[in-house]
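Residue numbers (my numbering), protein chains in the order written: chain S, 1 to 224; chain W, 1001 to 1242.
I should point out that these hints are in silico values taken from the structure, not numbers from a laboratory.
Glycine residues also receive a C-beta, built at the ideal position from the N, C-alpha and C atoms.
A hint or two may mislead.
[Stated by the list, open to error] Chain S is nowhere near these chain W residues, computed Cβ spacing over 10 Å in every case:
(1) I1007
(2) R1012
(3) L1052
(4) D1066
(5) D1069
(6) Q1079
(7) N1089
(8) P1103
(9) I1110
(10) D1113
(11) E1116
(12) K1121
(13) A1148
(14) V1204
(15) E1223
(16) L1242
[What the hints assert, rightly or not] Ranges of calculated distance between the beta carbons of each label pair, as one might list FRET restraints:
(17) F65(S) <-> K1112(W): 52 to 58 Å
(18) E1114(W) <-> R217(S): 19 to 25 Å
(19) D1130(W) <-> F65(S): 54 to 60 Å
(20) M76(S) <-> S1167(W): 44 to 50 Å
(21) D212(S) <-> D1206(W): 55 to 61 Å
[Unchecked claim] Keeping only pairs whose Cα atoms sit at most 27 Å apart, straight-line, the calculated DSS-like set for lysine-lysine is:
(22) K51(S) <-> K1005(W)
(23) K1047(W) <-> K120(S)
(24) K51(S) <-> K1047(W)
(25) K1071(W) <-> K1117(W)
(26) K1071(W) <-> K1125(W)
(27) K51(S) <-> K1175(W)
(28) K120(S) <-> K1131(W)
As a plain string of letters, each chain reads:
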Amino acid sequence: MAGIGQFDFNLFIRILPDLASGALVTLKFTTFSILFGLILGTITGIFRIVKNPILNAISTAYVEFIRGTPLLVQIMIVYYGLPEAGIKLPPELAGILALSINSGAYIAEIIRAGIQSVPKGQMEAARSLGMTYVQAMRYVVLPQAFRNILPALGNEFIALLKDSSLLSVIAIAELTRMGMQIYAVTFNAWTPLLGVALFYLMMTLPLSRLVDYAQRRIGGHESA
Amino acid sequence: MSLLKIIDLHKRFGDLYVLKGINMEVERGEVVVIIGPSGSGKSTLLKCINRLEEPTRGKIILDGVDITDPKIDINKIRQRIGIVFQQFNLFSHLTALENITLPLRVVKKIPKDEAEKIAIKFLKKVGLDDKADHYPHQLSGGQQQRVAIARALAMNPEVMLFDEVTSALDPELVKEVLDVMKQLARDGMTMIVVTHEMGFAREVGDRVIFMDNGRIVEEGTPEEIFTNPKHERTKKFLSMIL
């Protein structure tokens, strides 16, 4: 049994396809969750700033609850808790639901900051031309807010991609779970786990480069 | 009947009492210039006229209709009242052309190609049709302000409000903006102009209103106000800035 307790290059080559498929699952879950999170976060972010105490309270409670509790607990509530309330979800759906609700809260704060980064005069000018509040938000404020928060959204995507490893606890065959399964049958920890880390890096490094690039571009585009 | 009539207009921001009973009338085609020290309520008055600020009390009658009536569709009314701001407030993610076409398309539901024709026409009017594809940050302050004027004009308003539109500009860029406004006055546009440009007030204004501390202190022809002011406060203000 050569290679136990150390890096086994032959094993590494053999498990590459499994790790790659795990990485794809990770990417898929992260992408779906960030998209739903973006919708949820935009609505919540707007609810946080409109002059309506009920919407303010609901959105604040949601954001505080999610940010103040561990994602692992949130995943387990959705996966083990909801069935007891009569809502049985397959693990994939439970996973995407939990990640979306989680990222929605963080994205809401990003969106809120983004909207507040757009000068007040933009909304005022839009309204002065006869646009409704909703039209002014949609055509004038939000496009500028999204431009300003693109780097922050990129960072949220990276964070979520790493956090999605927690889905391994509900038996989703994402990257971390794949590594654990390989360890369970080979009793070699170094090879699959280093492989797992490498695959995470291959996804996060290009993304963070992209975020840096976007940040520089926006920095150079600062307008009066 | 006058185009715009303001009756006993008051505005409070909490403890701050900014407008203390403004009464004024503006005839169609008239150019009214409002002068006065900063903090006198001039800008708030302009913003109350299209209800960007909600008046605390009082009436604003536009062409016979009370636009402070809560049942009125204010978005319809605002299309008839153009406003140009001190800080230009061009939409920074849109080109000069798109700045003008966006409200035409969204508010007036005008199709894209027609909206672009209208936009070009008004960019020509302010001498900037060659800058149609430029973004605001690629334009000088004077050019941005001219685009902002074109954007307001393209909505075909009945009255135009100007809120210290040259105050944020470098001195050498002021003239190009004032020239556009002079041409507009000559074309017969009804204008209410808040400004510190006394030369403009004297040359273009049909009537000058001096405001101080939330009240209209004195009004008259430019001749009356500038050469023969009646009130002490008007005299003092003019002596400080002329």
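Against the structure, the hints come out as follows:
1. I1007: Non-interface label stands for I1007(W): nearest chain S Cβ at 22 Å, farther than 10 Å.
2. R1012: The assertion about R1012(W) holds, with a minimum of 18 Å to chain S.
3. L1052: Nearest chain S Cβ is 6 Å from L1052(W), so the label is violated.
4. D1066: Its Cβ never comes within 10 Å of chain S, the nearest being 19 Å, so this holds.
5. D1069: 17 Å, holds
6. Q1079: 4 Å, violated
7. N1089: N1089(W) is in fact no farther than 10 Å from some Cβ atom of chain S, at 4 Å.
8. P1103: The claim breaks: P1103(W) does not keep its Cβ more than 10 Å from every Cβ of chain S (closest is about 4 Å).
9. I1110: Since the minimum Cβ distance to chain S is about 12 Å, I1110(W) lies beyond 10 Å and the statement holds.
10. D1113: 19 Å, holds
11. E1116: 16 Å, holds
12. K1121: Its Cβ never comes within 10 Å of chain S, the nearest being 17 Å, so this holds.
13. A1148: 8 Å, violated
14. V1204: 23 Å, holds
15. E1223: Correct as stated: the minimum Cβ-Cβ distance to chain S is 33 Å, above 10 Å.
16. L1242: Given that every Cβ of chain S is farther than 10 Å from that of L1242(W), nearest at about 31 Å, it holds.
17. F65(S) <-> K1112(W): 52 to 58 Å: 45 Å, violated
18. E1114(W) <-> R217(S): 19 to 25 Å: 34 Å, violated
19. D1130(W) <-> F65(S): 54 to 60 Å: 55 Å, holds
20. M76(S) <-> S1167(W): 44 to 50 Å: 60 Å, violated
21. D212(S) <-> D1206(W): 55 to 61 Å: The hint (55 to 61 Å, Cβ to Cβ) holds, given that D212(S) and D1206(W) are roughly 58 Å apart.
22. K51(S) <-> K1005(W): The hint is violated at about 31 Å.
23. K1047(W) <-> K120(S): Cα-Cα ~14 Å, so holds.
24. K51(S) <-> K1047(W): 20 Å, holds
25. K1071(W) <-> K1117(W): Not satisfied, since the Cα-Cα distance of roughly 35 Å exceeds 27 Å.
26. K1071(W) <-> K1125(W): 36 Å, violated
27. K51(S) <-> K1175(W): At roughly 41 Å apart (the allowed maximum being 27 Å), K1175(W) and K51(S) break the hint.
28. K120(S) <-> K1131(W): Holds - the C-alpha atoms of K1131(W) and K120(S) are around 26 Å apart, at most 27 Å.
The structure fails to meet hints 3, 6, 7, 8, 13, 17, 18, 20, 22, 25, 26 and 27 from the earlier list, while all remaining hints are met.
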